[in-house]
Amino acid sequence: MFTIRIWNYLRGYAIIIVKGLKIERFINLAVVNNIYIWDIKKLDYVTVKAKINLGNFRRLRDIVRKTDSSVSVLSKHGLPFIIRNVKRRKLFYTILLSLFIFIYIMSSFVWMIEIKGVKSVDTEKIVKCLNAEGLKEGSFKGKLDRRHIENQVLINMPELSWIGIQIKGTKAIVEVVEKKEKPPLISRDDACDIVAAKDGVITKLLVLSGDPLVKDGTTVRKGQRLVTGTILRENLEPRQVHSLAQVIARTWYEDAEEIPFQQIEYKPTGNISRQYRLKLLNKEFSGKRRVSFKDFNENIKERDLISFGDYVFPVKLIEHRFEELVPELKTLMINEAKERCLERLDARIKLMLPEGAVILNRNTNYYLNKKSVKATISVEVLEDIGVKQKIQ
Amino acid sequence: MGKRGYWLKEKLCSTFELPKDIVLDVSKVVIIGAGQITVENHKGLIEYSEELIRINTGSGIMKLCGRNLTIKNIIQEEIAITGVITNIEF
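First to last, the sequence lines map onto chains V and Y.
My numbering applies: residue 1 is where the first sequence begins, and numbers increase by one.
My numbering applies: residue 1001 is where the second sequence begins, and numbers increase by one.
Think of the hints as simulated: they come from the structure by calculation, not from any bench.
Any given hint could be a false lead.
As the list claims (entries may be wrong) - Below, computed lysine-lysine pairings styled on DSSO-like, alpha-carbon distance capped at 30 Å:
1. Y:Lys1072 - V:Lys49
2. V:Lys279 - V:Lys316
3. V:Lys90 - V:Lys76
4. V:Lys168 - V:Lys141
5. V:Lys42 - Y:Lys1020
6. V:Lys22 - Y:Lys1043
7. Y:Lys1072 - V:Lys66
8. Y:Lys1003 - V:Lys41
9. Y:Lys1063 - V:Lys66
10. Y:Lys1003 - V:Lys19
11. Y:Lys1043 - V:Lys42
12. Y:Lys1072 - V:Lys22
13. Y:Lys1028 - V:Lys22
14. V:Lys283 - V:Lys141
15. V:Lys76 - Y:Lys1072
16. V:Lys51 - Y:Lys1072
17. Y:Lys1043 - V:Lys41
18. V:Lys51 - Y:Lys1028
19. V:Lys42 - Y:Lys1072
20. V:Lys51 - Y:Lys1043
21. Y:Lys1009 - V:Lys19
22. V:Lys119 - V:Lys180
23. V:Lys19 - Y:Lys1072
24. Y:Lys1043 - V:Lys49
25. V:Lys76 - V:Lys42
26. V:Lys42 - Y:Lys1028
27. Y:Lys1003 - V:Lys22
28. V:Lys316 - V:Lys294
29. V:Lys66 - Y:Lys1043
30. Y:Lys1063 - V:Lys51
31. V:Lys49 - Y:Lys1063
32. V:Lys350 - V:Lys338
33. V:Lys119 - V:Lys179
34. V:Lys49 - Y:Lys1003
35. V:Lys41 - Y:Lys1009
36. V:Lys41 - Y:Lys1011
Stated by the list, open to error - Residues of chain Y clear of chain V, computed beta-carbon distances all greater than 10 Å:
37. Gly1005
38. Thr1015
39. Glu1017
40. Leu1024
Each residue gets a CB set at the ideal place from its N, CA and C atoms; glycine is no exception.
Next comes chain V alone, as it looks inside the complex (with noise of 0.2 Å):
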């Protein structure tokens, strides 16, 4: 029977409602003469729907004569219909085919490269040494030869320790391990130095090998000689060593800032405009820049257009916002002035300040006059200030 449904579907079949009194008649009939009717429903004491194939359909006539009932179709319903529905609106379906085969072709391309794992060496250059080995926005997935390319790309960037590259859907996902940190500079094989690498007080020194030249508490200058890595003993010949030794000095660190206290702010006025452009691979669609505002800020956004998932296609809608400023003149309490001064202070002295630093004391100056606000800062730290150089 399946079998059957099937070959009706395909040959296509309708549905009919047969109206008249000799229902039961009509359907032995139609049996008798070998016309294939199913799924036959009442629907009330004169009415039936029921299935039929097509080519048996002008077959019904003569039953239909017969038996003094009649026969509507209500619907038509298979493969033949479908295919005539497809040809009736040809320019759509083949707008609509090659729309799936312009996405197949396209999502066969690199349209993204996504890097991850980047510290502090420069993404641009990993991109370039990528593009320069085949792997760029717009290569063909299928020749990408992604061993290749990582081998060639380790090789030519040593800063690299790994790197992995993944494709998923039109994006390439490009992994890199960064080496840990740079070897150092004098092997432990070479005789060596330690000098001051900036002026302090000395407060702590650990010799592990090398003989020391200063003690506790003597104020060293920039680039004097701590430890000496030249051993002298009587009676011995000169020896020279790799001078390991910790030395933590105090040092301090400076800082000045003025801030008048009369200040021109830029403060928004809720007026946005924006402004978007197109970008088609690498070309892009822009109408005149055109700004009516006097000062603004400028947020640049980019949006991928068409993406699904990790299937991104290089379309992008590019949104400039632009935010109209006004300026403002304000004038500072002496205060307000003081807490901005040390504000800034702060934040630039930490930038200053080397890693593992342990800050002893701190002191913060300000001096007034009419226009503005001074003020001084500066950290007591204490830091290993010792630098191995080699003996020339």
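Since the structure of chain V is already known, use the hints to place chain Y on it.
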């Protein structure tokens, strides 16, 4: 076919274990659960409505009662009916 002929055929069937529905021209009714019934070897539909179907068979008129009865298939040798069947009578 006289009564004698029928008796002879039936005897023949039981001795040689032949399928009765073929030899005797009676119908074979297959009921699957209470939802589907297939009648092979029928001799035409007599009455059809959603609650009642009467089918002519070799061994008399078969009366089927139920709800939502639809004729899934009907061909010369076979008629398949689905729906909730409550009653079968000969």
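Hints versus structure:
1. Y:Lys1072 - V:Lys49: Holds, at about 12 Å.
2. V:Lys279 - V:Lys316: At roughly 5 Å apart (the allowed maximum being 30 Å), V:Lys316 and V:Lys279 satisfy the hint.
3. V:Lys90 - V:Lys76: 20 Å, holds
4. V:Lys168 - V:Lys141: The given pair, whose Cα atoms are some 10 Å apart, holds under the 30 Å limit.
5. V:Lys42 - Y:Lys1020: Not OK: V:Lys42 and Y:Lys1020 at ~33 Å, beyond 30 Å, violated.
6. V:Lys22 - Y:Lys1043: Since the Cα atoms of V:Lys22 and Y:Lys1043 sit roughly 17 Å apart, the hinted pair holds (cutoff 30 Å).
7. Y:Lys1072 - V:Lys66: 24 Å, holds
8. Y:Lys1003 - V:Lys41: 39 Å, violated
9. Y:Lys1063 - V:Lys66: 26 Å, holds
10. Y:Lys1003 - V:Lys19: 42 Å, violated
11. Y:Lys1043 - V:Lys42: 21 Å, holds
12. Y:Lys1072 - V:Lys22: Holds, at about 19 Å.
13. Y:Lys1028 - V:Lys22: At roughly 26 Å apart (the allowed maximum being 30 Å), V:Lys22 and Y:Lys1028 satisfy the hint.
14. V:Lys283 - V:Lys141: 22 Å, holds
15. V:Lys76 - Y:Lys1072: Status holds; Cα separation ~19 Å.
16. V:Lys51 - Y:Lys1072: Distance ~10 Å between V:Lys51 and Y:Lys1072 Cα, so the pair holds.
17. Y:Lys1043 - V:Lys41: 20 Å, holds
18. V:Lys51 - Y:Lys1028: 26 Å, holds
19. V:Lys42 - Y:Lys1072: With Cα atoms ~12 Å apart, V:Lys42 and Y:Lys1072 stay inside 30 Å; holds.
20. V:Lys51 - Y:Lys1043: Roughly 22 Å separates the two Cα atoms, so the pair holds.
21. Y:Lys1009 - V:Lys19: Violated - the C-alpha atoms of V:Lys19 and Y:Lys1009 are around 44 Å apart, more than 30 Å.
22. V:Lys119 - V:Lys180: Between V:Lys119 and V:Lys180 the Cα gap is close to 10 Å, so the pair holds against 30 Å.
23. V:Lys19 - Y:Lys1072: Holds - the C-alpha atoms of Y:Lys1072 and V:Lys19 are around 19 Å apart, at most 30 Å.
24. Y:Lys1043 - V:Lys49: Roughly 22 Å between the alpha carbons, so the hint for Y:Lys1043 and V:Lys49 holds.
25. V:Lys76 - V:Lys42: Answer holds: V:Lys76 to V:Lys42 is near 19 Å, not above 30 Å.
26. V:Lys42 - Y:Lys1028: It holds: about 25 Å lies between the C-alpha atoms, which stays within 30 Å.
27. Y:Lys1003 - V:Lys22: Violated. Y:Lys1003 to V:Lys22 sits at ~34 Å, over the 30 Å cutoff.
28. V:Lys316 - V:Lys294: 29 Å, holds
29. V:Lys66 - Y:Lys1043: Since the Cα atoms of V:Lys66 and Y:Lys1043 sit roughly 20 Å apart, the hinted pair holds (cutoff 30 Å).
30. Y:Lys1063 - V:Lys51: Answer holds: Y:Lys1063 to V:Lys51 is near 24 Å, not above 30 Å.
31. V:Lys49 - Y:Lys1063: At roughly 22 Å apart (the allowed maximum being 30 Å), Y:Lys1063 and V:Lys49 satisfy the hint.
32. V:Lys350 - V:Lys338: 18 Å, holds
33. V:Lys119 - V:Lys179: 10 Å, holds
34. V:Lys49 - Y:Lys1003: Not satisfied, since the Cα-Cα distance of roughly 42 Å exceeds 30 Å.
35. V:Lys41 - Y:Lys1009: 39 Å, violated
36. V:Lys41 - Y:Lys1011: 41 Å, violated
37. Gly1005: 27 Å, holds
38. Thr1015: Nearest chain V Cβ is 35 Å from Y:Thr1015, so the label holds.
39. Glu1017: 29 Å, holds
40. Leu1024: The assertion about Y:Leu1024 holds, with a minimum of 22 Å to chain V.
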